Amino acid sequence: MVVGLCTARQARGMPDNPLPGRGSVRIIQHMMKNAVEIRDLHVVRGVHTVLERLDLTIGGGVTGLLGPSGCGKSTLMRCLVGVQQVRGGTVEIFGRPAGSRPLRDRVGYVTQAVSVYHDLTVAENLRFFARVLGTDREEVGRAIEAVDLQDYRNDVVGRLSGGQQSRASLAVALLDKPDLLVLDEPTVGLDPVLREDLWSLFHRLAADGVAVFVSSHVMDEAERCDRLLLMREGRIIADGTPAEIKARVGVDDVESAFLAIVREDAA
Amino acid sequence: MKLRITLAVAHRVLTQLRRDPRTVAMLLALPCLLISLLWWIYNDADPQLFDRIGPALLAIFPVIVMFLVTSVTTLRERSTGTLERLLAMPMGKLDFLVGYALAFGLVAAVQSVLAVAVSVGLLGLDVAGPLWLLTVVAVVDAVLGSALGLFVSAFARTEFQAVQFMPAIVIPQLLLCGLLVPRELLPDFLHAVSDVLPLSYAVDAMQHLTTSATTAEVWKDVAVVAGFAVAGLALGAATLRRRTP
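Chains as they are written, first to last, in this note's numbering: chain A, 11 to 277; chain B, -1 to 243.
The hints are simulated quantities; they were obtained by calculation from the structure and are not laboratory data. Since this is a predicted model, take the numbers as computed values, not measurements. All residues carry an ideal CB built from backbone N, CA and C; glycine is no exception. Wrong hints could be hidden among the right ones.
[What the hints assert, rightly or not] Which residues of chain A face chain B? A few of them, derived with a C-beta cut under 8 Å, are: (1) 94; (2) 98; (3) 111; (4) 114.
[Said to hold, decoys possible] With a cut-off of at most 25 Å between alpha-carbon atoms, the simulated SDA-like pairs for lysine to any residue come out as follows: (5) 187(A) with 262(A); (6) 0(B) with 144(A); (7) 91(B) with 200(A); (8) 0(B) with 195(B); (9) 91(B) with 115(A); (10) 91(B) with 114(A); (11) 91(B) with 229(A); (12) 0(B) with 84(A); (13) 91(B) with 111(A); (14) 187(A) with 79(B); (15) 91(B) with 84(A).
Take these sequences, add in the hints, and give me the full structure.
Right, dumping it as structure tokens:
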């Protein structure tokens, strides 16, 4: 598989050579601009400051966002797709303000909840979202295969298992070949084999030129990211490849590294 | 607004309804059964009263039913995250709203054809005006119900709360629309209040239709109801925020 090869390139922050079939426009965009540029982002929800003066750029490859629940991961992801009210700062995706019209069919988004219609079948859900995106119907079959739900395509989503439901939700985000995928804990509740499959899928997409931004609170998944962001209380407290982050505190797994960095940060 | 997306929404809503035969059966059969019940109640005591109340009911059912259905379904879209996902896609707010209005308008058309058929065919309701116009009025009433339901769904946190908006928004209109007491006989103040409530015009339209063959008055009332529906949809659109706290 090409995964190993491309991750090494992307670990250095390089956009990977897209596989044949991707448009050359896309390559140029990736080389000229970061997928995501966040400056001075400030988000307040109720009385809590969720994100505080956040600066961050995200390029190609698979970027993982890790941190305890409630640290602001979902809020940051909502900012990227332009559905979060922000107090200040800017979020630009491919050089345009997040959520602006030209971006809406270029950014795939999976919320933490299973946001598909539970009373429709997998195929009906995908056909609906495909029509909204204006993409052709072959995309539907491709997305269903990508998440390995071919055998369940005519099953009503509400009767599927939790893992199958979240894969149906993920399939919607894969429609229409997005340039940026924003995935909020897409592997929650999945068995190890499936998680492995999905991570391979994320790397295949990244190799294909898609910038993949995944949040998780499962530390062993962190090892599979090209770049890792550790988040705590609305701030990024570590940023680098998994190897760099482990080396920084001199441990050999990401979980211990995270704990050490959190202690360092709190001190 | 894109026709492709609007039709996709309408098609999807109808597919969801098809998956729920119990709801469809209730939507279509309940108005017929309730009108029949009313006819039966008055049949011995005061048969003329049915001629006054029957048309009002034909206007009221689509409003109530579509109010409930729309407020609960759009609230569900808000709470499951599908609305957030759609608004992050190239979906206009009007695509969403008009798609819903189309789907439920179609259901209302079928519902009213059945209710009119039962009222006129079985129960002997006299209709002086054209029957097809009765269906047009019912569809506009249904869109009004959908628009109101959509608007209140923004203020409800749970489906339980959404259902509670029914007594708050619909029942006062029901009491004042001329169903219980003809509007001319209401105390002046209540009459003035009833003049600014959309259901009054919906009921007036139906009553004109059943008592007179001229349609000019009917179209005027329909225009008022449609105006309220458009205002409701616009307010509903204002409550659909792409960015939420």
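These are the hints, each one checked on the structure:
Given hint, residue 94(A) at the interface with chain B, holds; its Cβ is 6 Å from that chain's nearest Cβ, closer than 8 Å. Proximity of residue 98(A) to chain B is violated relative to the hint, the smallest CB-CB distance being about 14 Å (cut-off 8 Å). Interface restraint check: residue 111(A) against chain B, minimum CB-CB distance 7 Å, threshold 8 Å, status holds. For residue 114(A), the suggested interface contact is upheld, since its CB lies about 4 Å from the closest CB of chain B, less than 8 Å.
A threshold of 25 Å between alpha carbons decides the hint, and for residue 187(A) with residue 262(A) the separation of about 36 Å lies outside it, so the pair is violated. Straight-line distance between C-alpha atoms of residue 0(B) and residue 144(A) comes to about 10 Å, which keeps the hinted pair within the 25 Å bound. The straight-line distance between the Cα atoms of residue 91(B) and residue 200(A) is roughly 34 Å, outside the 25 Å bound, and the hint therefore fails. Taking the CA atoms of residue 0(B) and residue 195(B), the gap is near 32 Å; set against the 25 Å cutoff, the hint is violated.
The straight-line distance between the Cα atoms of residue 91(B) and residue 115(A) is roughly 16 Å, inside the 25 Å bound, and the hint therefore holds. Proximity of residue 91(B) to residue 114(A) is assessed by CA-CA distance (about 14 Å); at most 25 Å being required, the pair is judged to hold. Restraint check for residue 91(B) and residue 229(A): not satisfied, since their Cα atoms lie roughly 39 Å apart, outside the 25 Å limit. Between residue 0(B) and residue 84(A) the alpha-carbon distance is near 30 Å, which puts this suggested pair outside the 25 Å criterion.
A threshold of 25 Å between alpha carbons decides the hint, and for residue 91(B) with residue 111(A) the separation of about 13 Å falls inside it, so the pair holds. Distance check on the hinted pair: residue 187(A) and residue 79(B) sit about 21 Å apart at the alpha-carbon level, within 25 Å; holds. Among the hinted pairs, residue 91(B) with residue 84(A) is consistent with the structure: their alpha-carbon atoms are about 24 Å apart, no more than 25 Å.
Going through the hint list in order, the structure does not satisfy hints 2, 5, 7, 8, 11, 12.
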